[in-house]
Structure formats: structure tokens, C-alpha cells
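If you want the building blocks of each chain, they are given just below.
There are 2 protein chains.
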Amino acid sequence: MSDMTSHADAPRSPGRPRSSRADEAIIDATLNLLAEGAKIDTLSIEAIASRAGVGKATIYRRWPGKEALLRDALAILKGTPPTPIGRSVREDLVLLLGAVGRNTDPRSEKIMSCLLPEVNRNQDRYELYQGVVEPRRARVREVLERGVRTGELRADLDIELALALLTGPMLIQRVLRWHPELDDDVLAERVVDGVLEGIQPR
Amino acid sequence: MSDMTSHADAPRSPGRPRSSRADEAIIDATLNLLAEGAKIDTLSIEAIASRAGVGKATIYRRWPGKEALLRDALAILKGTPPTPIGRSVREDLVLLLGAVGRNTDPRSEKIMSCLLPEVNRNQDRYELYQGVVEPRRARVREVLERGVRTGELRADLDIELALALLTGPMLIQRVLRWHPELDDDVLAERVVDGVLEGIQPR
Numbered sequence: 001m002s003d004m005t006s007h008a009d010a011p012r013s014p015g016r017p018r019s020s021r022a023d024e025a026i027i028d029a030t031l032n033l034l035a036e037g038a039k040i041d042t043l044s045i046e047a048i049a050s051r052a053g054v055g056k057a058t059i060y061r062r063w064p065g066k067e068a069l070l071r072d073a074l075a076i077l078k079g080t081p082p083t084p085i086g087r088s089v090r091e092d093l094v095l096l097l098g099a100v101g102r103n104t105d106p107r108s109e110k111i112m113s114c115l116l117p118e119v120n121r122n123q124d125r126y127e128l129y130q131g132v133v134e135p136r137r138a139r140v141r142e143v144l145e146r147g148v149r150t151g152e153l154r155a156d157l158d159i160e161l162a163l164a165l166l167t168g169p170m171l172i173q174r175v176l177r178w179h180p181e182l183d184d185d186v187l188a189e190r191v192v193d194g195v196l197e198g199i200q201p202r
Numbered sequence: 001m002s003d004m005t006s007h008a009d010a011p012r013s014p015g016r017p018r019s020s021r022a023d024e025a026i027i028d029a030t031l032n033l034l035a036e037g038a039k040i041d042t043l044s045i046e047a048i049a050s051r052a053g054v055g056k057a058t059i060y061r062r063w064p065g066k067e068a069l070l071r072d073a074l075a076i077l078k079g080t081p082p083t084p085i086g087r088s089v090r091e092d093l094v095l096l097l098g099a100v101g102r103n104t105d106p107r108s109e110k111i112m113s114c115l116l117p118e119v120n121r122n123q124d125r126y127e128l129y130q131g132v133v134e135p136r137r138a139r140v141r142e143v144l145e146r147g148v149r150t151g152e153l154r155a156d157l158d159i160e161l162a163l164a165l166l167t168g169p170m171l172i173q174r175v176l177r178w179h180p181e182l183d184d185d186v187l188a189e190r191v192v193d194g195v196l197e198g199i200q201p202r
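If you read the protein sequences in the order shown, they are chains A and B. At position 10 of the first sequence (counting the first as 1) the number is 10 in full-length UniProt numbering, and the numbers step up by one without a gap. At position 175 of the second sequence (counting the first as 1) the number is 175 in full-length UniProt numbering, and the numbers step up by one without a gap.
FYI, nobody ran anything at the bench for these hints, they're computed from the structure. Treat the hints with care, as some may be off.
No distinction is drawn between identical chains; accordingly, a pair holds when it is met within one copy or between any pair of copies.
[Unchecked claim] Think about it this way: if two alpha-carbon atoms lie no more than 30 Å apart in a straight line, the pair counts; the simulated DSSO-like pairs of lysine-lysine are: (1) 66 <-> 39; (2) 110 <-> 39; (3) 110 <-> 78; (4) 56 <-> 66.
Bound-form chain A, shown alone:
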């Protein structure tokens, strides 16, 4: 929930608690509408307010507009990524990649895969998507940078490429269910080891 809190209600006095029930209802209404097939372009603050059982003013008191609300809703949908432990790069990569696409909210698969064609259509939307994806990418990036410093990873490592090499297989398998023959239980471990070691003979 930290993403929402920080975004929506920054200066908060202890004597005046925010209406978290309304916030939750608004977020929930947004996610339900998206999961039911609402398109970002046509989804209105009015429809969200009506679904949440609040007035439009209640939404606008908390979010400047639809984009900010969507960004918070998607961040909450995706949840908080795990925190690296810091012992070995391999272990932390397995931890972070194991969480990719592991979302217990059943709305996630529907919303995230159908969102893309829409998101890719315009620049604002693309930034919205990046705003949701980038914090998770940053966490893996930190582990990779640490690995370069400690010598666990190649000194000439292309960090952005390595991010894609690690995340790609997890996402296609967990979000697109790309390959039925790949066992999912140990997938993160196998992907990390495969990318660490490479497929050429050493």
C-alpha cells in the first residue's frame, strides 16, 4: 500500500486520519472495472465513483486525475516486490525473479495482458506502465550492480540487457503461459542459473 499512501496523501496530520475505506473502495472499483474489460481511454472518474459508491469530489481530493489513480491502482495490484537478502547475487536474483508474475489477485492477469495494446498506443500511457514496471526493475538492477562490484558478475555486464534476460523468461511463462513443458516450481532458479552460466560450454 505504500505506493498509494505516498502518492495520494503526502502531508498527513496524525489527528486527521485519511479515509482509507474510501481509498480502498476507489482503488477496488478501478481494478474491477479494468478486469471487466473497461478500456483506459473510456474509463471515467464518474464510472469509478459510481462503482465505488463515492462522489467524484472524493476521488479528486485524493488523486489529481485518472492517470494518477490508475498508477496507484496498478501499483497496488502488483504488490510490493520482495527485499533482497544481500548474501549472494544468485540467491537474491532467485528471490526477486520468483516473485515475477506471482500475483495472487485474480484480476492481475486480465488487467495486465489486455492493458498493453492500449498502453502502447500513447506516450502518457506508456509512462504510466513504466511507472509501474520500473520500481521492480530497479530492485533487480541494484542486485546486478552489486554483483558487478563484488565480482560475482562479469565486469563488462550490460545491466539493462541482463535485466531482460532474467525477466523475459519469467514473464512469458507466468503471464503468457508460453510453454506447458516448463516446470514452474523451480523456474526462477533454473532461469537464474541458466543466465549466470550461459548455454555455451565453459
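Chain A is already provided as a structure; the job is to place chain B on it using the hints.
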């Protein structure tokens, strides 16, 4: 077009050419309806016939049902993958992976990304999807198996995992536009080299 031909109209006498114009109109109508947001569950042969300007019987003469038609339509949408050259495994992998998500048909992105939540909902649909994906996977698999035989790849290579390691980064970047900082022009080459060599020091 070979997938459609083999599927739809196997025994064909040279003196009696199939009505390829009707076939094309039917396939085209199917893809247009999908790209416009038609759901597989509710898409009807009737709607396709009407959009294509043919009778339902014309469709049923060529395809036993909706699943078979969808399978052909998606195979045609995705096009034929390139043929490996056979000099080096690296070169063939770059060729095959360079073609991933490189679809000039603008309907492809819309159809393929929004298809997944639907496809994953039931087993028949999943097999339909696999039927479209598997032939492309098979082509990469052959190159990997050849690499193990020639010693260009590790003797203990897990082929199915290697497929995911190579395809995953291409798909998230080309279909999901996952990371704006990754240059696309040389992506296939960088992914192949990254996966061949690994990210650990050698």
C-alpha cells in the same frame, strides 16, 4: 499461407482450383473481428461469414469449426518463420530470434496480447495457442539440438529452458515493449550472445 493450405484443403485436384479469394476474405474477416475486440468465446461463424460476405456453408466447407479456422487465421497472421542457414548456431539463433514479434501486420499486437487471458481460460483454447506457438518453437529447438551435437552448446543443455531464455527477452521487448532503454536494432544479437556466454565471469 502453407499452414492454411495444408489444413483446409488437403486433397486438391489441379483442375479444380480452390476459391482462394473466399478463403482470404474469411481469414481476413476473422482477424479483423479479433483485432476490433471480438472475444473468442462469442465470435460466431455467422459473424465471420457476414463480415466476409460469404455464406456460413462456404466456411464449413473449408473448416470443420471455429477452432480450426482460428488456428489457421492465427498461423497466417504470424507468418512463416525464417529458415536456418546451417553455418553456425549463433547465426541461426540470431536469425530466428530476430523474427520474434516482428510482425508487419498491425492487427497482430492487438490480437496476440489480448488473446491470452481468453486463451488461458480453457484447455481447448490453450491448445489452439500452442498450435500457433509450437511450430516456431520447434524451429529454434532444432538449432539448439544441432548445437549440442556439434559442441557449440553445452552437452548438458536443457533445451526447453534454453528456448525460454532466448525467446523471453525478445517477446517482452517486442510484444510488451517492456523496456524503453533497450535498443531494438541489435537486440536479437545481444540476447543470443548474452545467453550463450552467461553473465558470470568465465
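_Regarding residue 56 and residue 66, is the shortest C-alpha distance of 30 Å or less found within a copy, between copies, in both, or in neither?_
within (11 Å within a copy, 44 Å between copies)
*Since the copies are identical, ignore which copy is meant and state whether residue 66 and residue 39 lie within 30 Å (CA to CA) inside a copy, between copies, both or neither.*
both (12 Å within a copy, 27 Å between copies)
*Give the relationship of residue 110 and residue 78 under a CA distance limit of 30 Å: within one copy only, between copies only, both, or neither.*
Cα proximity of residue 110 and residue 78: in one copy and across copies (13 Å, 23 Å).
_Cα distance capped at 30 Å. Does residue 110 pair with residue 39 within a copy, between copies, both, or neither?_
both (12 Å within a copy, 13 Å between copies)
The earlier numbered hints are all upheld by this structure, with none contradicted.
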